[in-house]
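Asks: Take the sequences, apply the hints, and build the full model.
Chains as they are written, first to last, in my numbering: chain A, 1097 to 1446; chain B, 1036 to 1407; chain C, 503 to 663.
Incorrect hints may appear among the rest.
[Claimed, not checked] Pairs of lysine-lysine, BS3-like flavour, derived with a Cα cap of 27 Å:
#1 B/K1387 with A/K1423
#2 B/K1221 with C/K594
#3 C/K534 with B/K1239
#4 B/K1356 with B/K1300
#5 B/K1045 with A/K1189
#6 C/K514 with B/K1304
#7 B/K1328 with C/K579
#8 B/K1222 with C/K652
#9 A/K1249 with B/K1069
#10 C/K534 with B/K1211
#11 C/K514 with B/K1300
#12 C/K579 with B/K1356
#13 C/K579 with B/K1326
#14 B/K1222 with C/K534
#15 B/K1229 with C/K514
#16 A/K1249 with B/K1381
#17 A/K1186 with B/K1045
#18 B/K1334 with C/K579
#19 B/K1222 with C/K514
#20 C/K514 with A/K1423
#21 B/K1229 with A/K1249
#22 C/K534 with B/K1218
#23 B/K1214 with C/K534
#24 A/K1423 with B/K1239
#25 C/K534 with B/K1229
#26 B/K1361 with C/K579
#27 C/K579 with B/K1091
#28 C/K534 with B/K1221
#29 C/K579 with B/K1223
#30 B/K1069 with A/K1186
Hints are computed from structural coordinates only; laboratory data are not their basis.
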Amino acid sequence: MILNIFTDIHELLLGLMPENIVHITELVLIAVAYLGIFAILGLFLVWLERRIAAFFQFRLGPNRVGPMGLFQTVADALKLVSKELTGTEKADKFLYKIAPYFVITTALMSLSLIPFSYEIHAFDINIGLFFLTSVSSVGVLGIFLAGWASNNKYSLIGGMRTGIQMISYELSVGMAIVTMVVLAGTLQISEIVEIQKDGWLIYQGHIPAIIAFMIFMIAGTAESNRTPFDLVEAESELGAGFHTEYSGMNFAYYFLAEFVNLFLISSVAVILFFGGWLSPFGITDTIPFAGLFWFVIKVLGVIFIFMWFRWTFPRFRIDQLLTLEWKFLLPINMVNIVLMALMVWLGLTL
Amino acid sequence: MKEFLTDQLKTQEYFLNMGPQHPATHGVLRLLLKLDGEIVRNVDMDLGYIHRSIEKMCERASYKQIIHLTDRLDYLSAHMNNEAVCLLAEKALNIEVNDRIKIVRTIMDELTRISSHVLWWGVTGMDIGAITTFMYGFRERELINDIFEETCGTRLTMNYNVIGGLRYDIHENFVKRTKDVLKHLKKKLPEYDKLLTNNIIFQKRLMNVGVISGEDAIAYGLNGPTARGSGVSCDIRKTHPYSAYDMVDFEEAIFTEGDSFARYKVRIKEMWESISIIEQLIDKIPNDEYKVKTKAVIKLPVGDYLQRVEASRGDFGVYVKSNGQKFPERLKFRSPGFANLTALNKMAYGLKIADLVAILSTIDVVVPDIDR
Amino acid sequence: MSYFSDIINGTKTLLTGMRVTGGYFFVNFFTKRDVITQQYPNNIETLEMFDRFKGEVIMLHNENNEHRCDACTLCEKACPNGSIEILGDKAKDPETGKNKRFLVKHIYHLQMCTMCGLCIEACPVNAIDWGQDFHHVEYDRSLLTKVLNKPGSKIMSGIKG
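Replies: Shown next as structure tokens:
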């Protein structure tokens, strides 16, 4: 019944206008829907982080605006919208202004690849994962440009750290994904999920898959610039790092994009390891849109682990960060790929 | 090619202003860093942003009034600072205080030390990047502050010592509340080890960072936990016992590595020692007067006087030159933070900005103590 | 192989740390919630301070609007930072016929007070004491300057001037 909503809308539009215009209209509608998802997701995750941090730290967290402070972040966003956009005098104005858009555009583009359920999947191409990793690595440019263009030494140090960090950890994320792609045998996200109907990939690939998952979680934390890898912002060292000179909505873009990236990383983890929208043991696979529920639950679970990291660990130093990547994660990852390939070849997967 | 690189891609050192408003400088300390990329080449300290000329104010204040000004130096060891002035005046006037006063003063000292170190632990965690430690540190500190508030009336600037005793008698709940806090601390301090001390990231961040040898520590005049991390025995409580410290049995916390992690461990161990000192004394408070009668206007005899106490950051000294009048002719505070800060350049040379932050938090600077 | 034992031991220490914070999270989330922060200013009405709490200096009045201050200015002299100003005057005592000093205004500058308590200690007749009020918030600094003796109050009989 609900499944027909999309076809109903499609037919309704067909009755109003010619077919090619309907196509464009639908694209616009989907884009608007995803913008909405982007904003709500960002605001919700900021709220969630603050609430969860409060439980870790014996505090109450936001509790004044709306039930359980749900609208606190909305109020914060409204405040940021109304604020003046300031900047430094000798900043590279063009790059300074364009930098936040790199970050949100790439985050939005990556979001379109995420399947929320079997039915809600905007952009399903056969090189889905490849596209996702390449697009999300463009987002680093935004942070890098912000650090460079702000004409602030703290920002610059933050920007330089981003460059180093991203080049290193992009590799680990990529390798962990490749490990799982070897097992799945496809890059198309919907197919990867379909394969897991017999058992999630973390179960199918057992030992190498678990190692890949751990590496993915570590590298994913680094990718989303969260503690213990938040050297880019490093509050106690650099003040605010790359976004020191940003105010108002420009700052909010970075802030929202950071949390949307967190969602993206978690979604990829769920797709690759925990069966995407599939329910455990297929209990609700016949009900339409039930996938949305399972997907969100799983993603929130992974996000909680990221938050747990953040509220427990101290921060790395830049050289330790590189040591961890190049001396530990990368070699382990390479061995792991070979191991996975051997397993797939010998048919040892479950 | 090589010439091209050296000519065209010339790198240069640059200056970075860290502070006076910076999260890691704990107040208004300004550090002028000379950096090569992220590597610290020189640290210039610019002090005076919170200078309130307290020493000069003391020269226009009677001895009773001086005490409350010392609260505002190192506000985290307010009680020790008060005690230094009181002990000095009592020494000069030959006032003998009874055991009750001595023991209560010592217990208060050690409670202050714990509350200061607990706060330091939280802030160090936050400087290294673990934000949750800050709240955990405050959780314990609040309980200790409740003891202070109940007995002294204030939580931070206690102003509890007066010349010849204590301002009020201890509150009737004092003993029970202190015992409860000790019980709580004994349960929570092992957690600190689990959360931070044993954490591999934390250890890597502090170990072999900011190393200073014992000789250098003495040469720079370092004191307190900072020097004891380099293996220098300098605990005033041991070397020049005052109040009830000669009645108790405790160990001076000394580690010999001289790095930031050694300084960290010294403070953690000091908390355990403080707990043991309080436990030895808490049941021994005799029934006696809480205050010895003194004259309404206190005038120290002509002469020079010096009194040292072990504050939470080290050797706090008060020097008074008296000309027999109501006010001291000259008064000098020897604050531990100032001496400790001087070694920062030596410790941080060639390390990274992140290490500088770690060193700053392990030498535990309190800026009002440095600037006075 | 120290390489692998480093990885395993390192991971172990990280997991112990996570168990501490995670333990608190689950206790706070699923069972009784323990909050160590104060919900100021929502709890202004309910917050109870300790009886020795030094909130501000107040002058004690009895039910007949009488205080004990005889304007001797000892508190003014004891104050290290000039927070207390005493305006006194002299008038003929109707009983004895002698000139007697009486209090017109006991002015207290809360904005300068460091809560050292020397004035209260100096007072020979216990006319002033600590008040428990902790909520001293004003938009103007001058509003913190208070007159401690209530309007129309008189000195209690039996206090020597």
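Asks: Tell me the hint numbers this structure goes against, listed in increasing order.
Replies: 2, 3, 4, 8, 21, 29
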